[in-house]
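**Q** Residue-level listing of the chains:
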Amino acid sequence: MYNTKKNNLKLGFFVAIGVILFILGIYYIGSQVNIFSKKFQVSAVFADISGLKVGNNARFSGINIGTVSKVQIINDSLVKVDLSIQENVRQFIRKDSKIEIGSEGLMGNKIIKIYTGSINAPIIEEGDFLETIEVVQIDKILRQLHSSSTNTVTITKNVAEITDKINRGEGAFGKIFADESLANNLSLIAKRTAVLTENFSEISKKISKEEGTIGMLLSDTLFAKKLYQVGENLQRSTENLAILTDQVNNGKGLLGELFTDTTFISGLNRAGKNLGYTTERTKILSDNLVNITDEITDGQGLITKLIYDTAFADSVEIAVYNINQGAKEVEEAASVVKRNWLIRLFSKKDKKK
Amino acid sequence: MKLNIKKIFSKKAANENQDEFDFSRFKNIERFLNEIGGLSRFAGNFFCELFRPPYEHKEFLKQSYNIGLSTLPLIGITAFIMGLVLTLQSRPVMVEFGAESWLPGMVSVSIVREIGPVITALICAGKIGSGIGAELGSMRVTEQIDAMDVSGTNPMNYLVVTRVLATTFMIPILVFYSDAISFFGTYVAVNLHGFISFPLFINQAFDSLHYYDLFPATIKTYFFGFAIGIISCYKGYYSENGTEGVGKAANSAVVISSLAIFIIDLIAVQLSEIIHIFSM
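If you read the sequences in order, they're chains X and E.
Adding 48 to a residue's 1-based position in the first sequence gives its number in my numbering.
Mapping of the second sequence onto my numbering: position 271 corresponds to residue 266, and the numbering continues sequentially without gaps.
Check each hint, because a few of them may be wrong.
To be verified - Restraint-style ranges between C-beta atoms, simulated for each label pair:
#1 X:Gly99 - E:Asn23: 46 to 52 Å
#2 E:Asn23 - X:Ile74: 43 to 49 Å
#3 X:Ile189 - E:Phe210: 38 to 44 Å
#4 E:Glu268 - X:Tyr76: 22 to 28 Å
#5 E:Glu268 - X:Gln120: 19 to 25 Å
#6 E:Val250 - X:Gly150: 50 to 56 Å
To be clear, the hints were calculated from the coordinates, so they are not data collected in a lab.
Predicted model, so just to flag it, every value in this text is computed and none were measured.
Ideal Cβ positions, reconstructed from N, Cα and C, are used throughout, including at glycine.
Take these sequences, add in the hints, and give me the full structure.
**A** As structure tokens, this is what we get:
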């Protein structure tokens, strides 16, 4: 007996679950292609889309954010691809973002990769065109691979020739492997290098012990300060020198006039010429003096006698003494004369006049 | 004119009876064409009765219950095994190509597009088709249908319309169940040889699916249901020759329904491909 009420309930449950399963299927498929989220359109133009189809995913940082909504040939060399991108990722895509066609693995579907742009660039808008990165073609890679393999053959051939020469002891590398003297020299170099490194080690030890100038430079703060002071002084000196040279360039001061004032230079020339003339005259004078002194040293003339002849000097001294005595007597005689009345009379008349 | 036909078509007939043309060789073709014609007329009657009251709601719900809910356990077991076996059979090849991670996607596409609808429809053709054929056939040979007709009840409306509508609407729902249970079978099979989380499995399975996989597959299941219902009802409704005829009606209902499923599937695949190409 068919229990209508109970069976209808079961049937309703059965149908409801079936419909829910169908709706879930629609929803899951829709969520994979982002059919239920708000979207905006952007475009890109490629020379070759390498089999990209409507419905292929668009990825940003590895996340599916949209799909290819339209593929359209613009002309004989360009294909326009329209993308439908989720509205909630618009804020991350900039106007200078770049777009590339990639692949999901070796055998996977084609995908669109969107690369992030610069932070300062404005956010992308509806209908904008993104800059494209050209697709790397497999046949192009194969061509390059072929070229590389050809080069590799040449390289291996050359390497084989080089190794043959090395085995025969030809060339520098051949000598390295075959020549014993070279090996000895290398050994010597190694020994000297060891010594050198030992010296370097000692130097570094001294430096670490704050010995020597470099040691002081690295560790002594006072020395460093002094050095800094020297540097500052040097800087000031160079600044002053710069000011000085500026002034010289501007024609200020003596040196400036020297370098810039032409009249001063001509005056200086004249002074130089005069100095030359003076030095010539001085030279003649000095020659004459030399002759005079020669004559004096030879014992000729009055001056020689004055210098070298003691008897003549004594007689001159006596003569001077006698002259002094004579002068005194004349002075006494003159005072006697002044006191005479006759003379005094004449002197009064003169005073009245 | 008569002589020309004899010469061309039948040497045996010419030998046996020189005056009359024997159409015995064309009996099968004639029968086939009769079946097509009868089925078309029966379908036409169905559509005429479909919109003509009274509407037999209770009978429709009863048939829906019998066709839908009572078939679910069979469909469930079959779908689970189908998903499990399909995954286990596909796995070695996928592993060989290093594409094991594509297994959920590949199996899900196979189930949703083809295997789920067709296998479910075939099972329903076997269970429901034979049931309808036998039920209506026995009613015919026991003259219950005639009695209904005499008593003023429209047997076409009461018996045929309700059953065809029930198969048309229940088989798609059974296919949804079948797909879901097959996915579960696939999930179990994938986890037999490795580990994959259920969310990842669902993501991978639905990542490969598109609306052009789901909608054509769903639409064709309505045609499968309609074909099973109309063929089974036709075979049962017009069964004859007593109990032997009931058996034949049940048998031919299953055979012709199954054949119709494959023919509809072929047409549906071609149409969905064409629509998909034009929609791109």
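**Q** Quick check: does the Cβ-Cβ distance between E:Glu268 and X:Gln120 fall within 19 to 25 Å?
**A** Once the Cβ atoms are compared, 23 Å apart, the range 19 to 25 Å for X:Gln120 and E:Glu268 holds.
**Q** Range hint 38 to 44 Å: satisfied by the CB atoms of X:Ile189 and E:Phe210?
**A** holds, 40 Å
**Q** Looking only at beta-carbon atoms, does the pair E:Val250, X:Gly150 fall within the given range of 50 to 56 Å?
**A** holds, 52 Å
**Q** CB of X:Gly99 to CB of E:Asn23, is that within 46 to 52 Å?
**A** Cβ of X:Gly99 to Cβ of E:Asn23: about 50 Å, so the range 46 to 52 Å holds.
**Q** Confirm or reject the claim that E:Asn23 and X:Ile74 have a C-beta distance inside 43 to 49 Å.
**A** holds, 45 Å
**Q** Taking the CB of E:Glu268 and the CB of X:Tyr76, does the distance hold inside 22 to 28 Å?
**A** Since E:Glu268 and X:Tyr76 have Cβ atoms about 24 Å apart, the given range 22 to 28 Å holds.
When the structure is compared with the earlier hints, no violation turns up for any of them.
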